[in-house]
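Use these hints to put chain Z onto chain S, whose structure you have.
Those protein sequence lines, which keep their order, are chains S and Z.
Under the working numbering, think of the first position of the first sequence as 1, with each following residue one higher.
Under the working numbering, think of the first position of the second sequence as 1, with each following residue one higher.
Keep in mind the hints are simulated off the structure, nothing from the lab.
All values reported here derive from a predicted model rather than from experimental measurement.
We treat Cβ as the ideally placed atom computed from N, Cα and C, and that holds for glycine.
Honestly, I wouldn't trust all of these hints.
Claimed, not checked - Computed list of lysine to aspartate or glutamate pairs in DMTMM-like fashion (alpha-carbon distance at most 25 Å, straight line):
| hint | chain 1 | residue 1 | chain 2 | residue 2 |
| --- | --- | --- | --- | --- |
| 1 | S | 161 | Z | 76 |
| 2 | S | 161 | Z | 169 |
| 3 | S | 161 | S | 31 |
| 4 | S | 161 | S | 43 |
What the hints assert, rightly or not - Some chain S residues close to chain Z (C-beta under 7 Å, calculated; not the full set):
| hint | residue |
| --- | --- |
| 5 | 6 |
| 6 | 7 |
| 7 | 10 |
| 8 | 34 |
| 9 | 56 |
| 10 | 67 |
| 11 | 69 |
| 12 | 70 |
| 13 | 93 |
| 14 | 116 |
| 15 | 118 |
| 16 | 124 |
| 17 | 143 |
| 18 | 156 |
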Amino acid sequence: MTATYEKIATTTLGSAQSTVNFTSITASYTDLIFIWSYKQDTDSTVYMRFNGDTNANYSTTGLFGDGSTTSSQRLSNNSNGIWFRSELISSSNFNSAIYQFNNYSNTNIFKTVLSRANNAGEMVGATVGLWRSTSAISSIEVWQGGTGFSSGSTFTLYGIKAE
Amino acid sequence: MATTYTLISSVTVGSGGTATISFTSIPQTYTDLMLVASTRTDRASNINDELYVTFNSNTSSYSWRRLLGENSGSSDSGSTRTVFITDASTSTASVFGSGSIYIPNYTGSTNKSYSIDSIQENNATNAARQLVAGLWSNTAAITQIDLTSSTSSNFVQYSTAYLYGISNE
Numbered sequence: 001m002t003a004t005y006e007k008i009a010t011t012t013l014g015s016a017q018s019t020v021n022f023t024s025i026t027a028s029y030t031d032l033i034f035i036w037s038y039k040q041d042t043d044s045t046v047y048m049r050f051n052g053d054t055n056a057n058y059s060t061t062g063l064f065g066d067g068s069t070t071s072s073q074r075l076s077n078n079s080n081g082i083w084f085r086s087e088l089i090s091s092s093n094f095n096s097a098i099y100q101f102n103n104y105s106n107t108n109i110f111k112t113v114l115s116r117a118n119n120a121g122e123m124v125g126a127t128v129g130l131w132r133s134t135s136a137i138s139s140i141e142v143w144q145g146g147t148g149f150s151s152g153s154t155f156t157l158y159g160i161k162a163e
Numbered sequence: 001m002a003t004t005y006t007l008i009s010s011v012t013v014g015s016g017g018t019a020t021i022s023f024t025s026i027p028q029t030y031t032d033l034m035l036v037a038s039t040r041t042d043r044a045s046n047i048n049d050e051l052y053v054t055f056n057s058n059t060s061s062y063s064w065r066r067l068l069g070e071n072s073g074s075s076d077s078g079s080t081r082t083v084f085i086t087d088a089s090t091s092t093a094s095v096f097g098s099g100s101i102y103i104p105n106y107t108g109s110t111n112k113s114y115s116i117d118s119i120q121e122n123n124a125t126n127a128a129r130q131l132v133a134g135l136w137s138n139t140a141a142i143t144q145i146d147l148t149s150s151t152s153s154n155f156v157q158y159s160t161a162y163l164y165g166i167s168n169e
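The shape of chain S in the complex, shown without the other chains (with noise of 0.2 Å):
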């Protein structure tokens, strides 16, 4: 069997942490996946950056449903990362998200990510990110800045090769 779909790390919490890192991602592979089973213990607005730029390169534009509205918002130039609400993590349960980076080592190309993300207790999410870059995806930072995600936080990042 032709193996497509490899871990290249994986991260589980052993205490609250505010940041996580998944540093020298190679480019070797077609795309990647980002799944996150996740809690923190204070809602708090989570960014995601890559390759450690801190500049307004990023913008987000989600839709959401809360159990009875429907909304979309837009962040553009935003310095802090992709965007991810804060509803959509829980206090109580721990919840998921699939990011999906198609071409993320394309340096002809700025760079999407879709993602979906869900709490049942709050908001389920679908969202689009653009990093205007064209640097292959060589890290990802995962931050927020309230007490930090919760002990037993998992976050692993796959990559899928087109070969």
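Chain Z only, in chain S's frame:
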């Protein structure tokens, strides 16, 4: 190279149809599960049907929030078994609904959250797509997953479902 995305089992519905697509004795050796389904039911006089997703034969302790698009957008929530939309008898012939369920940490001792994306397509009006955040408030490891029609209809022939195990080992 480690294989991290492995087919556990598949179901293809035969000519007689079936009321339940079931995956039993799910191995506890993976990190996450992904169920991918292409389905249609024989629900009479309707273009779509809602499927129930049931874990370990337990029919309680479910909650969900949904983002639904069918020409316009809406959002709702519920406490029935989590919903998964598919095509039914009056939908365009040969059109099957598609969807996937992602279940992280299915062997863990915490409540189980999961993500469902599903669509019901139709070569006419009244097609739908829905995104669901689901929670089964039960700490048991998931050993069985059943798909059933919420209207007690049957899956028709050629409906398929594939269960994959994903490992981060």
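Status of each hint after checking the structure:
1. Proposed proximity of residue 161 of chain S and residue 76 of chain Z is contradicted: the alpha carbons are some 37 Å apart, above 25 Å.
2. Distance hint between residue 161 of chain S and residue 169 of chain Z is fulfilled; the C-alpha atoms sit about 18 Å from each other, no more than 25 Å.
3. Distance restraint check for residue 161 of chain S and residue 31 of chain S: the Cα-Cα separation of roughly 7 Å lies within the 25 Å cut-off, and the hinted pair is therefore satisfied.
4. Distance check on the hinted pair: residue 161 of chain S and residue 43 of chain S sit about 36 Å apart at the alpha-carbon level, beyond 25 Å; violated.
5. Because the smallest distance between the Cβ of residue 6 of chain S and any Cβ of chain Z comes to about 6 Å, under 7 Å, the interface hint for this residue holds.
6. With 7 Å as the threshold, the beta carbon of residue 7 of chain S comes within range of chain Z, its nearest partner Cβ sitting at about 5 Å, so the hint holds.
7. Below 7 Å, beta-carbon pairs count as interface contacts, and residue 10 of chain S has one with chain Z at about 4 Å; its hint therefore holds.
8. Nearest Cβ of chain Z to the Cβ of residue 34 of chain S: about 12 Å, over the 7 Å cut. The hint is violated.
9. A least Cβ separation of about 29 Å between residue 56 of chain S and chain Z goes past the 7 Å threshold, and the interface hint is therefore violated.
10. Here the hint on residue 67 of chain S is kept, as its CB sits about 3 Å from the closest CB of chain Z, short of 7 Å.
11. With 7 Å as the threshold, the beta carbon of residue 69 of chain S comes within range of chain Z, its nearest partner Cβ sitting at about 6 Å, so the hint holds.
12. Interface restraint check for residue 70 of chain S: the shortest CB-CB distance to chain Z comes to about 4 Å, inside 7 Å, so the restraint holds.
13. The beta carbon of residue 93 of chain S comes within 5 Å of a beta carbon in chain Z, closer than 7 Å, and the hint placing it at the interface holds.
14. Hint status for residue 116 of chain S relative to chain Z: holds, with the closest Cβ pair at about 6 Å, below 7 Å.
15. Because the closest C-beta pair between residue 118 of chain S and chain Z is about 3 Å apart, less than 7 Å, the hint holds.
16. Taken as an interface hint, residue 124 of chain S checks out: its beta carbon lies about 4 Å from the nearest beta carbon of chain Z, inside 7 Å.
17. A hinted interface residue such as residue 143 of chain S counts as satisfied when its beta carbon comes closer than 7 Å to some beta carbon of chain Z; here the least separation is about 21 Å, so the hint is violated.
18. Hint status for residue 156 of chain S: holds, given a least beta-carbon distance of 4 Å to chain Z, under 7 Å.
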